[in-house]
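Chemist: Sequence:
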Amino acid sequence: MPDVRIHDLRHSAASFMVNSGVDLFAVGKVLGHASYQSTQRYSHLANDTLLAAVEAGAAKQAQPA
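So for the sequence shown, the numbering used here puts the first residue at 441; every next one is plus one.
Mixed in with the good hints there might be a few duds.
Claimed, not checked - If you anchor each label on the Cβ, the simulated ranges turn out as follows:
{"hint": "1", "residue 1": "Ser-475", "residue 2": "Ser-452", "range": "19 to 27 Å"}
{"hint": "2", "residue 1": "Ser-475", "residue 2": "Ala-499", "range": "27 to 35 Å"}
{"hint": "3", "residue 1": "Arg-445", "residue 2": "Gln-503", "range": "17 to 25 Å"}
{"hint": "4", "residue 1": "Val-444", "residue 2": "Thr-489", "range": "20 to 28 Å"}
{"hint": "5", "residue 1": "His-447", "residue 2": "Ala-498", "range": "31 to 39 Å"}
Hints were generated in silico from the structure; no laboratory data involved. Computed from a prediction, not measured in an experiment: that's the story for all the values here. Positions of the beta carbon are idealized from the N, C-alpha and C atoms, including for glycine.
Input sequences plus hints: build the corresponding full structure.
Modeler: Following this line, the structure appears as structure tokens:
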């Protein structure tokens with residue numbers, strides 16, 4: 441794997457954590473980021489994760505008040 445850099449591994453680790461449900465604040469702490477914006481750049485959410493978030497919001501909205 442000659443083309444793999446440390447940056448690539450950090451990026452992948454952050455994406456895996458976010459897609460496993462770890463919140464961005466915790467991911468940022470693990471990576472040692474000083475700002476939330478830095479962590480956001482590492483967190484590429486999978487389509488399934490985004491869909492689950494939309495479905496959870498829709499289910500909550502559908503519940504009677």
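Chemist: Now tell me, hint by hint, if it's right for this structure.
Modeler: Verification of the hints:
1. The supplied range of 19 to 27 Å is met by Ser-475 and Ser-452, whose beta-carbon atoms lie about 21 Å from each other.
2. Our hint of 27 to 35 Å for Ser-475 and Ala-499 holds, since their Cβ atoms are close to 33 Å apart.
3. Restraint check, Arg-445 to Gln-503: a C-beta distance of roughly 46 Å breaks the suggested window 17 to 25 Å.
4. For the hinted restraint 20 to 28 Å between Val-444 and Thr-489, the CB-CB distance of approximately 24 Å keeps it satisfied.
5. Checked against the given bound of 31 to 39 Å, the beta carbons of His-447 and Ala-498, roughly 36 Å apart, stay inside it.
In summary, the structure is inconsistent with hint 3 from the numbered list given earlier, while agreeing with all the others.
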